[in-house]
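Could you slot chain F onto chain H? The hints should help.
Here the protein sequences line up with chains H and F, keeping their order.
FYI, full-length UniProt numbering numbers position 292 of the first sequence as 292, with every residue one higher than the one before it.
FYI, full-length UniProt numbering numbers position 213 of the second sequence as 213, with every residue one higher than the one before it.
It should be emphasised that the hints constitute simulated quantities derived from the structure, not laboratory data.
A hint or two may mislead.
[To be verified] Here's a subset of chain F near chain H, in silico, CB distances under 10 Å, partners left out:
id: 1; residue: N83
id: 2; residue: K127
id: 3; residue: T129
id: 4; residue: P130
id: 5; residue: G153
id: 6; residue: P197
id: 7; residue: I206
id: 8; residue: F209
id: 9; residue: C211
id: 10; residue: R219
id: 11; residue: E220
id: 12; residue: P222
id: 13; residue: S223
id: 14; residue: Y227
All residues carry an ideal CB built from backbone N, CA and C; glycine is no exception.
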Amino acid sequence: MYHKEKSIQIKNSASALYNNLSVLRIAPRRLTHFTVVHANMVNMVSASWDGLNYTHRQLQSKEPNVATSTSLIMQMYESDGSIMVYWHALDTPETPTAQAVFARGIAAVYENYICVGVSSGAILVFDVPSKGSNITLSEVLEEHKESITDMASECSGSQECIANLVTADDGGNLCVWKSGEEFQLLNKIPGFDMSCSSVKLWKGTAVAGYGTGQIRLYEAVTGILHAEINAHARWIYSVDIAPFSGLLLSAAEDSLVRVWHMTITPETNSVEVAHLHNECVTDTQICGARFCDGDGYAFAVTGYDLSEIIRYIQS
Amino acid sequence: MSMRTLPLVFINLGGEMLYILDQRLRAHNTSEDNSEKVMNDIVGTMFSKAFMDELLKPQQLYSHRTMKTVLTRLAHASIMRLNPASMDRLYELMVMAFKNQVFLCLRPKDLLLISYNHMDTIREFVKDTPMAVNQVDETHRKIIEAYSSLSEGELQLLRQTLLTFFQDMHVRVSLFLKDQIQNPNGRFALTTSGPVPHGTDVPGLIRIFDCRGREVRRREFPSGGSYTSSIREGSFELHGNRVIRLGMNMYTVDHPEETHTSRAPSVKVITYGSPNPLAKEELNLLARLMGSMKTENKPKDESGFRINLFNTDKEEAEAGASASAEESLYGVINIQAMQDEQAASELARIAGQFEEEEEEKPEKPSNNKGEELLAMMDDL
Chain H
1 MYHKEKSIQI KNSASALYNN LSVLRIAPRR LTHFTVVHAN MVNMVSASWD GLNYTHRQLQ
61 SKEPNVATST SLIMQMYESD GSIMVYWHAL DTPETPTAQA VFARGIAAVY ENYICVGVSS
121 GAILVFDVPS KGSNITLSEV LEEHKESITD MASECSGSQE CIANLVTADD GGNLCVWKSG
181 EEFQLLNKIP GFDMSCSSVK LWKGTAVAGY GTGQIRLYEA VTGILHAEIN AHARWIYSVD
241 IAPFSGLLLS AAEDSLVRVW HMTITPETNS VEVAHLHNEC VTDTQICGAR FCDGDGYAFA
301 VTGYDLSEII RYIQS
Chain F
1 MSMRTLPLVF INLGGEMLYI LDQRLRAHNT SEDNSEKVMN DIVGTMFSKA FMDELLKPQQ
61 LYSHRTMKTV LTRLAHASIM RLNPASMDRL YELMVMAFKN QVFLCLRPKD LLLISYNHMD
121 TIREFVKDTP MAVNQVDETH RKIIEAYSSL SEGELQLLRQ TLLTFFQDMH VRVSLFLKDQ
181 IQNPNGRFAL TTSGPVPHGT DVPGLIRIFD CRGREVRRRE FPSGGSYTSS IREGSFELHG
241 NRVIRLGMNM YTVDHPEETH TSRAPSVKVI TYGSPNPLAK EELNLLARLM GSMKTENKPK
301 DESGFRINLF NTDKEEAEAG ASASAEESLY GVINIQAMQD EQAASELARI AGQFEEEEEE
361 KPEKPSNNKG EELLAMMDDL
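If we strip away everything but chain H, and leave its shape as in the complex, we get (with noise of 0.2 Å):
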């Protein structure tokens, strides 16, 4: 169903994180970026889609001065890298605690805000205008009690539906909201004590990677478990949905990526998932995996201590 295609070498080699992969398609330029986290750096690669430039930039986490007490979590750039429009820190308590304080987790939600989780369950709103760089932090969401693993936004293009932001934390809890000036909580889906590292929203679906190797899907708004799947043998790092063909990517430490296809009808509440295609990364424990376009064509992947991005198309 699919093959391996060239891959994209990268300066550094991903780090062992959850979801460790981003893809970006700018269709008008005809390229696709792509970033990888290592340690405290962002490499990115420009592709072109004639496969003949690369263009690599690396982005730094700009250190705090640590004689004040904050601690940067967040950086904002251009798509491309080249100017930063934003940054924000948090005020770390006068005494260390054990808790350390990083940001996980970010999403950009209906209408125009970027969410970025924070270690302490907290979820930070901003506020990003069309035009100009007047960023601001809208609001501040403090309904999670652990940290914040993944987010992610209802990525149907459909605007019926109710909920458009799904969190997840360490404790494998989800919480589903509605974006707005004030954001809603809709529903709250416990987990079973197991992180949820990774969820998608689609279709008012939240299909969700835990540490245990399933992926649930759950009717986001009431918290109904449609489908359960016994996935993966290790922890699963990556769940990434094509909107346009309901497949569903997922990838594991176990080395292998999974590609599953959905049929979601919301009017009849009717869920059926059917298992496609498995691909082994030999020796590899997966960190990233993603799809490069809306109808599934081509993935990406990225693995632990691994210095290239692997391609996948359709065969």
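For chain F alone, kept in the frame of chain H given last:
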């Protein structure tokens, strides 16, 4: 990232160090008395209350340079001496062994079982010295107390922090190559067979439910591997069967060549390009750790005995020559220690070893860093 890595790093790296030293001591036909003394001295220092309490404070995991410096000091807490080339090789072996264990452990909680495996064997090494056994037991209790309450997610964060620390290290170890744990390119083998972790189901099943939670359909899919159900869980108590084998002593006396290492040709030594802005914090930690180690048993170099991690002294000398060329690849902060105080303190000497590469310095650090460190040492 995680602030709780240090105790596990030292217990596991220290444990690997003791396994290798034990093998070398026996391969060199060292006397029972000397061997026992070496083990007791190192274990006594490593598991001392002062040192462990420093490690248990929540803090970051710093550079390999710091870890190596402290571990060298630990090794030299005994009457045994290792020259820099042998210490470098020893460090590589320790790190690659621990990296393999962290990489392969089935689930994050197994990191604790790996640590307990190390502690169990260490206890065996010093079983004839009740005081040392007590120290190991005390430490073990503190570890149980500190880590039992961590969730799987927090332990995975700890594991990820360790994996980042070991990133890009692909030193080839003869024993690992022989047992096919490691490939010729230095990367570890990861099979798609064997038992699944505790709490995970064997992959291969899709279940569909209706709105009332009843299963309406189930289907199987090919897992692409041959997995079996999880085996029983190991014990997390002070004593017990840990079940997993990661962290146990793999070295045998008969095959000393097992501890040979070599760099895979295409792989560079790890370098950290930009100057570390947290270097001051790192030196503070180093000062505290060194200060917490007892120094009474520190003899002059002549009265101790040397351990060689190579086949011959000639090999060791050759390795030493090439090692010093690689030392300069570590980017660290320059401390201008005062001339007269340098002679007075061992810490100043070590601090003086933190030399920074000229080309990577954006600005010259002031002499204040050196003075602060020296002032701190005066207080110890």
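Violations among the numbered hints:
1, 2, 3, 4
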